[in-house]
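Number of protein chains: 2
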Amino acid sequence: METKKVQLGVDLGGTDIKFGIVSGGEIVYKGKCPTPQDSAETIMDTIAEECLRLKKEYPFQSVGIGVPGWYIGEELYTDNLPFNGTLFVREMEKRLGMPVFSDNDANCAALGEILVGNGKDYQDMVLLTLGTGIGSGIIVDGKIVRGKGAAGELGHLIIDAVNGEACTCGQSGCWERYASASALVRQAEKAAKEHPESLLAKTYCEQGKMNGKLFFGALSSGCPVVETVFDAYLDKLVVGIQSIRKALDPEIFLLAGGTTAVGDVLLKPLQAKLGDEFNIKISVLQDDAGIFGAAGLSCN
Amino acid sequence: METKKVQLGVDLGGTDIKFGIVSGGEIVYKGKCPTPQDSAETIMDTIAEECLRLKKEYPFQSVGIGVPGWYIGEELYTDNLPFNGTLFVREMEKRLGMPVFSDNDANCAALGEILVGNGKDYQDMVLLTLGTGIGSGIIVDGKIVRGKGAAGELGHLIIDAVNGEACTCGQSGCWERYASASALVRQAEKAAKEHPESLLAKTYCEQGKMNGKLFFGALSSGCPVVETVFDAYLDKLVVGIQSIRKALDPEIFLLAGGTTAVGDVLLKPLQAKLGDEFNIKISVLQDDAGIFGAAGLSCN
Numbered sequence: 001m002e003t004k005k006v007q008l009g010v011d012l013g014g015t016d017i018k019f020g021i022v023s024g025g026e027i028v029y030k031g032k033c034p035t036p037q038d039s040a041e042t043i044m045d046t047i048a049e050e051c052l053r054l055k056k057e058y059p060f061q062s063v064g065i066g067v068p069g070w071y072i073g074e075e076l077y078t079d080n081l082p083f084n085g086t087l088f089v090r091e092m093e094k095r096l097g098m099p100v101f102s103d104n105d106a107n108c109a110a111l112g113e114i115l116v117g118n119g120k121d122y123q124d125m126v127l128l129t130l131g132t133g134i135g136s137g138i139i140v141d142g143k144i145v146r147g148k149g150a151a152g153e154l155g156h157l158i159i160d161a162v163n164g165e166a167c168t169c170g171q172s173g174c175w176e177r178y179a180s181a182s183a184l185v186r187q188a189e190k191a192a193k194e195h196p197e198s199l200l201a202k203t204y205c206e207q208g209k210m211n212g213k214l215f216f217g218a219l220s221s222g223c224p225v226v227e228t229v230f231d232a233y234l235d236k237l238v239v240g241i242q243s244i245r246k247a248l249d250p251e252i253f254l255l256a257g258g259t260t261a262v263g264d265v266l267l268k269p270l271q272a273k274l275g276d277e278f279n280i281k282i283s284v285l286q287d288d289a290g291i292f293g294a295a296g297l298s299c300n
Numbered sequence: 001m002e003t004k005k006v007q008l009g010v011d012l013g014g015t016d017i018k019f020g021i022v023s024g025g026e027i028v029y030k031g032k033c034p035t036p037q038d039s040a041e042t043i044m045d046t047i048a049e050e051c052l053r054l055k056k057e058y059p060f061q062s063v064g065i066g067v068p069g070w071y072i073g074e075e076l077y078t079d080n081l082p083f084n085g086t087l088f089v090r091e092m093e094k095r096l097g098m099p100v101f102s103d104n105d106a107n108c109a110a111l112g113e114i115l116v117g118n119g120k121d122y123q124d125m126v127l128l129t130l131g132t133g134i135g136s137g138i139i140v141d142g143k144i145v146r147g148k149g150a151a152g153e154l155g156h157l158i159i160d161a162v163n164g165e166a167c168t169c170g171q172s173g174c175w176e177r178y179a180s181a182s183a184l185v186r187q188a189e190k191a192a193k194e195h196p197e198s199l200l201a202k203t204y205c206e207q208g209k210m211n212g213k214l215f216f217g218a219l220s221s222g223c224p225v226v227e228t229v230f231d232a233y234l235d236k237l238v239v240g241i242q243s244i245r246k247a248l249d250p251e252i253f254l255l256a257g258g259t260t261a262v263g264d265v266l267l268k269p270l271q272a273k274l275g276d277e278f279n280i281k282i283s284v285l286q287d288d289a290g291i292f293g294a295a296g297l298s299c300n
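Line by line, the protein sequences give chains A and B.
With the first letter of the first sequence counted as 1, position 43 gets the number 43 in my numbering; the numbers rise by one all the way through.
With the first letter of the second sequence counted as 1, position 263 gets the number 263 in my numbering; the numbers rise by one all the way through.
A few of these clues could be false.
A pair counts as met if it fits within one copy or between any two copies, since identical chains are not told apart.
To be verified - The calculated lysine-lysine pairs, modelled on DSSO-like cross-linking and capped at a C-alpha distance of 30 Å, are:
hint, residue 1, residue 2
1, 281, 120
2, 32, 281
3, 148, 273
4, 55, 213
5, 281, 148
6, 120, 148
Derived from the structure by calculation, the hints contain no laboratory data.
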């Protein structure tokens with residue numbers, strides 16, 4: 001009898017730490033706990049404690065951890081958590097007494113997609129997660145493209161070199177300033193202010209806060225202001241996707257994140273702009289991709 | 001006694017076909033002939049004839065051919081030569097009776113750089129050739145990134161999505177419209193017309209034709225109009241390089257092509273804009289990179 005391999009994937013986020021036991025291409029156990037906010041030590045202790053608890057139940061031989069940051073050599077840096085040059089993998093191995101593998105969360109998500117998600121029939125894939133920014137992971141020949149360590153930051157392709165908006169990364173005109181979920185919300189807010197007579201503006205005024213639900217609600221009610229905003233947003237999304245296609249010509253593009261919850265409302269007009277033969281899909285794994293990818297890091 | 005491997009690399013260009021015998025990391029024989037312009041058949045016959053002649057002198061076991069076009073599956077397409085869906089590799093193998101390997105010429109040049117050029121100490125590299133457009137090849141983990149077949153077209157990253165110039169590829173705002181050697185010449189012509197009192201305009205008027213030599217001559221004479229044009233050109237070059245860094249974070253960037261003939265005049269101010277730690281160099285192989293890469297295709 002063949003025993004299925006059992007792997008543990010951890011997805012460290014700014015709010016929660018998710019734990020998933022992966023076996024036979026499925027998540028057989030899933031749990032989470034809040035991310036401690038006080039120190040890197042506490043976060044590492046918390047992850048270790050849960051891993052060691054799970055180890056009593058599941059026979060995993062190593063731990064894979066996706067992190068919301070980037071590595072320079074062995075040092076982990078994060079924007080929204082207290083890691084600043086932490087020797088994360090070494091520290092975790094000390095606590096766990098087994099091999100630890102770690103990578104950026106967007107890279108883990110991309111790996112998860114190629115291992116068990118919509119990407120599993122392909123070797124070359126790009127995953128774009130439309131959220132606060134545009135997270136991304138590049139897979140070439142079945143492997144994560146890491147370069148010197150910081151590859152896959154496609155949200156920071158410069159698409160407006162002339163009059164570009166300032167980006168948090170220090171550049172101007174980055175793609176994610178125009179095509180992330182947050183960018184769509186900003187564009188909708190601006191349009192609502194410019195068109196106070198619109199359905200969009202009225203609902204915005206009633207609810208006091210712009211979000212995707214309000215936006216796509218007004219879209220399905222046929223608000224022409226929303227239609228214009230959405231069409232312009234899609235054009236900006238296309239610009240980056242076309243650039244990536246010219247650079248990497250992947251077999252498939254996958255989209256994930258907040259904006260993709262509307263499914264075909266996003267995908268159909270996007271596909272129309274890109275052409276029928278363009279292979280682009282919405283991720284079915286979504287948030288779980290990070291767990292699958294982290295679990296699979298030991299083999300990538 | 002160890003026998004050095006002998007390989008034949010062919011670089012098919014719009015004007016010339018170059019042949020190089022590579023052994024021990026050096027080109028031990030180099031020859032060329034004009035590219036026939038009448039038909040794909042004649043071009044293939046001409047290449048085959050020279051390969052078979054060389055085969056009598058050198059013990060190569062296969063032939064590698066760089067082509068100025070792209071493959072869709074096995075079909076070769078070119079813009080400036082009469083290939084339009086030709087089963088090029090199969091046709092060449094029929095003529096030569098040995099294995100034939102072929103790839104886009106920019107990919108071959110990148111492979112040549114990683115095998116024997118400035119890239120040889122690295123696994124992840126991007127080569128940018130500043131010419132009529134921006135040719136490019138991407139190496140990840142020591143291998144050419146091909147995607148579905150058309151990857152590595154970095155000259156077509158869209159850097160001005162708002163008011164971009166139309167590009168021959170059908171997109172608007174492509175990087176090569178602003179940062180190729182031809183773009184620099186166009187920018188210089190425009191500046192000369194706008195500043196008829198400048199040294200640039202005077203020399204341009206005398207010689208009747210703008211080119212790199214005239215431009216860099218005026219730069220070394222301290223013409224302030226040229227300085228402004230060159231600085232703006234470098235900024236556009238930087239925009240694309242920064243985008244590529246965010247996407248691929250390669251260990252080294254290499255520059256080749258016409259504009260790089262001025263060496264440090266280009267490299268020093270570019271390095272200053274990118275930062276000291278940025279690893280960017282001018283190719284020492286230049287045109288020979290394509291021969292080395294074609295010769296090395298059988299192993300990549």
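Quick rundown of the hints versus the structure:
Taking the shortest Cα distances, residue 281 and residue 120 sit within 30 Å of each other inside one copy (13 Å), while across copies they are farther apart (38 Å). In this homomeric assembly, residue 32 and residue 281 come within 30 Å of each other (Cα to Cα) only inside a single copy, at 28 Å, whereas the closest approach across copies is 47 Å. Proximity of residue 148 and residue 273 under a CA criterion of 30 Å is satisfied inter-copy only: 20 Å between copies versus 34 Å inside one chain copy. When the C-alpha separation of residue 55 and residue 213 is checked against a cutoff of 30 Å, the pair qualifies neither within a copy, at 40 Å, nor between copies, at 69 Å.
For a Cα distance limit of 30 Å, the shortest separation of residue 281 from residue 148 qualifies both inside one copy, at 29 Å, and across copies, at 17 Å. For a Cα distance limit of 30 Å, the shortest separation of residue 120 from residue 148 qualifies both inside one copy, at 26 Å, and across copies, at 16 Å.
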